[in-house]
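S.K.: Residues per chain are reported as follows:
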Amino acid sequence: MLIKRPPDIPTSEITDERLFWRRRDFLGAMAGALALHLVPRLPQQGEKLTSFEDITTYNNFYEFGTDKKDPSRHAHTLRPRPWSVRVEGEIKKPKVYDVDEVIRRYPAQERVYRLRCVEAWSMVIPWLGFPLASLLRDVEPTSNAKFVAFTTLHDPEQMPGQKRGVLPWPYVEGLRLDEAMHPLTLLVHGLYGKPLPNQNGAPLRLVVPWKYGFKSIKSIVRIRLVREQPPTTWSMSAPNEYGFYSNVNPDVDHPRWSQKRERRIGELRRRLTLPFNGYADQVASLYTGMDLRRTF
Amino acid sequence: MNRRGWLQAGVVALGLVPLAWLAADAFGDRLGANPIEEITHRTGDWTIRFLLATLAVTPLRRLTGWNWLIKFRRTIGLIAFSYATVHFLIYIGLDQGFAFAYIGEDIAKRPYITVGFTAFVFLIPLAITSTQGWVRRLGGKRWNALHRLVYVSAAGGVLHYLWLVKGDQVTPVYYAAVLVLLLALRIRRSPSAARPVEQRVDLLADASRGAQIGGEPLHRPDARVQP
Chain A
1 MLIKRPPDIP TSEITDERLF WRRRDFLGAM AGALALHLVP RLPQQGEKLT
51 SFEDITTYNN FYEFGTDKKD PSRHAHTLRP RPWSVRVEGE IKKPKVYDVD
101 EVIRRYPAQE RVYRLRCVEA WSMVIPWLGF PLASLLRDVE PTSNAKFVAF
151 TTLHDPEQMP GQKRGVLPWP YVEGLRLDEA MHPLTLLVHG LYGKPLPNQN
201 GAPLRLVVPW KYGFKSIKSI VRIRLVREQP PTTWSMSAPN EYGFYSNVNP
251 DVDHPRWSQK RERRIGELRR RLTLPFNGYA DQVASLYTGM DLRRTF
Chain B
1 MNRRGWLQAG VVALGLVPLA WLAADAFGDR LGANPIEEIT HRTGDWTIRF
51 LLATLAVTPL RRLTGWNWLI KFRRTIGLIA FSYATVHFLI YIGLDQGFAF
101 AYIGEDIAKR PYITVGFTAF VFLIPLAITS TQGWVRRLGG KRWNALHRLV
151 YVSAAGGVLH YLWLVKGDQV TPVYYAAVLV LLLALRIRRS PSAARPVEQR
201 VDLLADASRG AQIGGEPLHR PDARVQP
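As they're listed, the protein sequences go chains A and B. Take 1 as the starting number for the first sequence in this note's numbering and just add one per residue. Take 1 as the starting number for the second sequence in this note's numbering and just add one per residue.
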């Protein structure tokens, strides 16, 4: 479902949380009627929202430690304001945005997406954000722009996990331009109607719901349009385990574990993992003719 | 119960503390967003810790001269086996939901599960033959030889951990370092060195002679070849 909001008011001031929850009940009942072609039919039967507590205390954000609980404990050192995001590269209008300027400029939408981690667990999260395509169109990519490269903040004072060389810092990710322009691809600045908590990637993160979670880079400071496929952190760290595309694919196992099933956080029994995390109808056409076993 | 009996009971009670703690956290809803993973990780951690503790008994005894430590080695080993069993059953039941097709595939295809499963299987005969009766039935030499499987299990357990983590290997590397240290302490000075027969009391002596064994080390030239 898609809810447009007045752009000038911080979303946290609009609806109090109890009302917000009742609104969800109402909208949930109408989900079928409202279902738009491009917005995933969610919540589907048996797919409940993951609790705010679980979403904010079970995180992979190695910049704050490698334990799932580390980010919620340590991310208070991150200062998400003031925050600037540099948009540059193969575009006609390079610009350094203040993050609040971006948030004001593009109307916030709520999107309920599945998040599937490469570690075979998953969540259902009500994000608040806007399509990355809106921003990219405004900066006018040149015909040379083929890929989009994203970079996380690199500041070991704010992100103490960066003092250890667990991964090469800063964290970088990338998408092909058509993936970046896809209407499902979001820049996110909130969840559950609140500003994005630090441990979830404040103040601005990417959400690409048909790819494994690590593609959805957090705390972005730079978006650069480039000609060549950019390096990505996990594929640099372990090239045989993590590819550039990393589409959710139950038929391609991680070398060390199966991707056929997943544990939905809050559920006891594993469920089957869906191709493209259940978004195949919307995105499979992006990969026509590609051998996704090889280009995993 | 005699003094030794009380001490054994004390060791068992201490060994159960992490399990009780886990149970308390489970009932108090303190296992976090992914409780099955948390239980799996914690029981796995304690399996490795107790396995390393059993391997620490002999070096510690040699360093300190506290020969009575040997009396607790089998008990600690059985505690390790108990945690391994809980860990394994949680994986089979709670984690995989008894989906044996997937479990079989895991064991066959995932090296970290293959090695972990093997380590667990090797512990089973050790647990079964841990009674005095089995020591007598097998005879000391064979019993000792069989129980060297614990080295395979400990190494397998550490490798299992090392191969499963993503990115941050500090904890398993730490366990591996402890394991290597404990094994290195077992390497004898060469037989041509001054003392061809080193003082040692092994579990065999303890088990077959029971309470007779005191502080006096048993000389067993046949046990010179160490794994």
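Be aware that a few hints might be false.
[Stated by the list, open to error] Straight-line alpha carbon distances no greater than 25 Å define the calculated BS3-like cross-link-like pairs of lysine-lysine that follow:
(1) B:K71 x A:K260
(2) A:K68 x A:K194
(3) A:K69 x B:K109
(4) A:K68 x B:K166
(5) B:K141 x A:K163
Worth flagging that the hints you see were computed from the coordinates, not collected in a lab.
S.K.: Each of the hints needs a verdict: does it hold here or not?
M.R.: Tested hints:
1. B:K71 x A:K260: Violated: K71 (chain B) and K260 (chain A) sit about 47 Å apart, past 25 Å.
2. A:K68 x A:K194: Measuring from Cα to Cα gives roughly 21 Å; hence the hint holds.
3. A:K69 x B:K109: 30 Å, violated
4. A:K68 x B:K166: 12 Å, holds
5. B:K141 x A:K163: 52 Å, violated
The earlier numbered hints that this structure contradicts are 1, 3, 5.
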